[in-house]
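Undergrad: Below, each chain spelled out in residue letters.
There are 2 protein chains.
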Amino acid sequence: MSSCHLSMESRTSMASSPGALPYYVAFSQLLGLMVVAMTGAWLGLYRGGIAWEGTLQFNVHPLCMVIGLVFLQGDALLVYRVFRNEAKRTTKVLHGLLHVFAFIIALVGLVAVFDYHRKKGYADLYSLHSWCGMLVFVLCFVQWLVGFSFFLFPGASFSLRNRYRPQHVFFGATIFLLSVGTALLGLKEELLFTLGSKYSTFEPEGVLANVLGLLLVSFGVVVLYILTRAEWKRPPQAEEQALSMDFKTLTEGDSPSSQ
Amino acid sequence: MSSCHLSMESRTSMASSPGALPYYVAFSQLLGLMVVAMTGAWLGLYRGGIAWEGTLQFNVHPLCMVIGLVFLQGDALLVYRVFRNEAKRTTKVLHGLLHVFAFIIALVGLVAVFDYHRKKGYADLYSLHSWCGMLVFVLCFVQWLVGFSFFLFPGASFSLRNRYRPQHVFFGATIFLLSVGTALLGLKEELLFTLGSKYSTFEPEGVLANVLGLLLVSFGVVVLYILTRAEWKRPPQAEEQALSMDFKTLTEGDSPSSQ
Numbered sequence: 001m002s003s004c005h006l007s008m009e010s011r012t013s014m015a016s017s018p019g020a021l022p023y024y025v026a027f028s029q030l031l032g033l034m035v036v037a038m039t040g041a042w043l044g045l046y047r048g049g050i051a052w053e054g055t056l057q058f059n060v061h062p063l064c065m066v067i068g069l070v071f072l073q074g075d076a077l078l079v080y081r082v083f084r085n086e087a088k089r090t091t092k093v094l095h096g097l098l099h100v101f102a103f104i105i106a107l108v109g110l111v112a113v114f115d116y117h118r119k120k121g122y123a124d125l126y127s128l129h130s131w132c133g134m135l136v137f138v139l140c141f142v143q144w145l146v147g148f149s150f151f152l153f154p155g156a157s158f159s160l161r162n163r164y165r166p167q168h169v170f171f172g173a174t175i176f177l178l179s180v181g182t183a184l185l186g187l188k189e190e191l192l193f194t195l196g197s198k199y200s201t202f203e204p205e206g207v208l209a210n211v212l213g214l215l216l217v218s219f220g221v222v223v224l225y226i227l228t229r230a231e232w233k234r235p236p237q238a239e240e241q242a243l244s245m246d247f248k249t250l251t252e253g254d255s256p257s258s259q
Numbered sequence: 001m002s003s004c005h006l007s008m009e010s011r012t013s014m015a016s017s018p019g020a021l022p023y024y025v026a027f028s029q030l031l032g033l034m035v036v037a038m039t040g041a042w043l044g045l046y047r048g049g050i051a052w053e054g055t056l057q058f059n060v061h062p063l064c065m066v067i068g069l070v071f072l073q074g075d076a077l078l079v080y081r082v083f084r085n086e087a088k089r090t091t092k093v094l095h096g097l098l099h100v101f102a103f104i105i106a107l108v109g110l111v112a113v114f115d116y117h118r119k120k121g122y123a124d125l126y127s128l129h130s131w132c133g134m135l136v137f138v139l140c141f142v143q144w145l146v147g148f149s150f151f152l153f154p155g156a157s158f159s160l161r162n163r164y165r166p167q168h169v170f171f172g173a174t175i176f177l178l179s180v181g182t183a184l185l186g187l188k189e190e191l192l193f194t195l196g197s198k199y200s201t202f203e204p205e206g207v208l209a210n211v212l213g214l215l216l217v218s219f220g221v222v223v224l225y226i227l228t229r230a231e232w233k234r235p236p237q238a239e240e241q242a243l244s245m246d247f248k249t250l251t252e253g254d255s256p257s258s259q
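Protein sequences appear in the order of chains G and Y. Take 1 as the starting number for the first sequence in the UniProt record's numbering and just add one per residue. Take 1 as the starting number for the second sequence in the UniProt record's numbering and just add one per residue.
Don't take every hint at face value.
No more than 27 Å apart at the CA atoms, straight line, and that leaves these computed lysine-lysine pairs for DSSO-like [as the list claims (entries may be wrong)]:
| no. | chain 1 | residue 1 | chain 2 | residue 2 |
| --- | --- | --- | --- | --- |
| 1 | Y | LYS120 | G | LYS198 |
| 2 | G | LYS198 | Y | LYS198 |
| 3 | G | LYS120 | G | LYS198 |
| 4 | G | LYS198 | Y | LYS119 |
| 5 | Y | LYS198 | G | LYS119 |
| 6 | Y | LYS198 | Y | LYS88 |
| 7 | Y | LYS198 | G | LYS120 |
Note that these hints are calculated values from the structure, not bench results.
Just chain G, with the same shape it has in the complex:
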């Protein structure tokens, strides 16, 4: 979580030598894809599938939220670890773009549920799930705008970026975890609405949804683990170099002159 790269070179942690990073990333992707596939399977097998019309419009909501705010948002955070030796600017643009995709997909999911509520005459924004969801949505948007203006355009001064970076990392991870938590609340809500008392008889749908819930938790934990390992952060040299390049690019254009 903290952005300290300079120490820990001497301390190597259990099962976390830099060589293990690809395996952890592969495991996170496996979990993320299982989450998306199982959400699709749940909606397809037990909730009648997906459409933009009728009652099936609701089902667009969980699928879009899981793809956008859980899977893609998680992967956007992992970009700095997966491409830890690539140019910082490329990584940064990829990070920003993945968040844009995540946000657009989540927006479709949000429109789907509001439209469904409107057609059915249901009340909006009364549940804890909806309150947490709106909070995640607003925080995502603010975080993206502030991140974009500090790190990409127009870009803040070198020292201001260094001061803001740990906050950006902390709130990015927090928003991601809050997204996972909100997904769990939504899953639980839908199960209690549709299964009701049948939930307690270990119906296949209930068990599948519980497993989906545990997979969501596991994806969140593995992403957080990869993010917080000190040895897997970007090497300081590459980062310092790239940062000063960014600074030059933004203040002096693309001229290769040294400061």
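Assemble chain Y onto chain G, guided by the hints.
TA: Okay, now just chain Y, sitting in the frame of chain G:
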């Protein structure tokens, strides 16, 4: 999250100079006490209060879990920041003891709900809340046992401790966050069971419970923020010193001889 103390001395983060730590800790305690008070208010005002008999026995469960696994567990993690300049061993014992208290209170809450289910003839362990809760409970116990045997008795070697420490810190924070998430799932479950369709009409109980949910999230976020600020970690000197003292104590008894 990562235990790197040696860097970051030069980089100071926005709004996180060491002088601000007491204010953040005070804020976290205010949030934690509000969470406990509001849980009590919810159970007292809308759920008929607390007793070990009849239907009121269920209400022991949320109150104990919030006090034990959320408030006390959160405070056990903060001990290393609040007493960052005290002797490491004292802090360590306090950390372990707070976890013991948290665990005992949570155990009472667990017995309450199983006993209530048994008397009412309800099924056990079918919901996502219960699956997450059992996971938290088992992880807490394992984490405490491993932590105790590595850091207190019999104690592992200096290098083994250094390798295990980041894992202990990561899983400690993860178990705490999972506790907060499980509390949210339980709150949601109880609201849907007892309020049902009245939840969507903005009944006072529903609004109070949603605010309680947001307070739980806020407590989790503030504790995590305090834990992950690099500048608020224990100063390296104090720690190294205390660690080598522990090491001496365990290997050579209390003799003040140097190695």
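Undergrad: Decide, hint by hint, whether the structure agrees.
TA: To see whether the hints hold, each was checked on the structure:
| no. | hint | verdict |
| --- | --- | --- |
| 1 | Y:LYS120 with G:LYS198 | holds (17 Å) |
| 2 | G:LYS198 with Y:LYS198 | holds (21 Å) |
| 3 | G:LYS120 with G:LYS198 | holds (24 Å) |
| 4 | G:LYS198 with Y:LYS119 | holds (20 Å) |
| 5 | Y:LYS198 with G:LYS119 | holds (20 Å) |
| 6 | Y:LYS198 with Y:LYS88 | violated (52 Å) |
| 7 | Y:LYS198 with G:LYS120 | holds (17 Å) |
Checked against the numbered hints given earlier, this structure breaks only hint 6.
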